[in-house]
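Engineer: My numbering numbers the first residue of the sequence shown as 1 and each following residue consecutively.
Just so you know, the hints here were simulated from the structure itself, not pulled from any lab data. Hints may be right or wrong, so weigh each one.
Label pairs and their computed distance ranges (CB to CB) [what the hints assert, rightly or not]:
| hint | residue 1 | residue 2 | range |
| --- | --- | --- | --- |
| 1 | VAL136 | PRO75 | 50 to 60 Å |
| 2 | TYR64 | ASP123 | 50 to 60 Å |
| 3 | LEU44 | PRO77 | 30 to 40 Å |
| 4 | LYS2 | TRP134 | 52 to 62 Å |
| 5 | LEU132 | GLY23 | 55 to 65 Å |
| 6 | PRO75 | LEU132 | 53 to 63 Å |
| 7 | PHE39 | ASP123 | 25 to 35 Å |
| 8 | LEU48 | ILE154 | 14 to 24 Å |
Each residue gets a CB set at the ideal place from its N, CA and C atoms; glycine is no exception.
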Amino acid sequence: MKKNALLTFLFACIPGAGQMYYGYMQRGLALISLFCVTFLLGSLAGPLVVTMGIVWMYSFFDTYDLIRHLAAGDPKPDGLLLLGDWSDLKTLVPKHNRLLGWGLIVLGVWALYDLFIENLLYDLLARISPELAWSVVGGIPTVVVAAALIAAGIWLLGLHPQRKDDDNSLPPYPQG
1 MKKNALLTFL FACIPGAGQM YYGYMQRGLA LISLFCVTFL LGSLAGPLVV
51 TMGIVWMYSF FDTYDLIRHL AAGDPKPDGL LLLGDWSDLK TLVPKHNRLL
101 GWGLIVLGVW ALYDLFIENL LYDLLARISP ELAWSVVGGI PTVVVAAALI
151 AAGIWLLGLH PQRKDDDNSL PPYPQG
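Given only the sequences and the hints, what does the whole structure look like? Please build it.
Structural biologist: Following this line, the structure appears as structure tokens:
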């Protein structure tokens, strides 16, 4: 079914709307949700605002990739993008309770810092120098987010030191 090119372009500019215009409701919902989450993260930590642009670009070009597949007669399945299906979401949460727990701890520490520690630290440092107070208090969240992103990148690249008792160091098949 041929759709209006102007409407396709306009909807492609809104994360998830282009996918929904072509009938990919779960995919569109996933992209809208992901964009809203990145907006929230960007408002909490300035450097993470870049992720909004990444999600927006992915959504825009994904719309045209879906059109290309539809035109070729090989439509992509509608799914939640990262997980694939709602049942995958249900199985993901119990397996990664530790990850979810650490995420909640980080959000809690961030909230406590924002509510109590930031004001206290600013008041203490403002007695010495107001400029120093603004630079230190304003820079702490950026430094923490930057350090977490660098640590995550090192972990994802596998540059972290391996434990000696790691099962990955064993050969895949027994020698014999």
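Engineer: Hints broken by the structure, by number, lowest first?
Structural biologist: As far as the earlier hints go, not one is violated by this structure.
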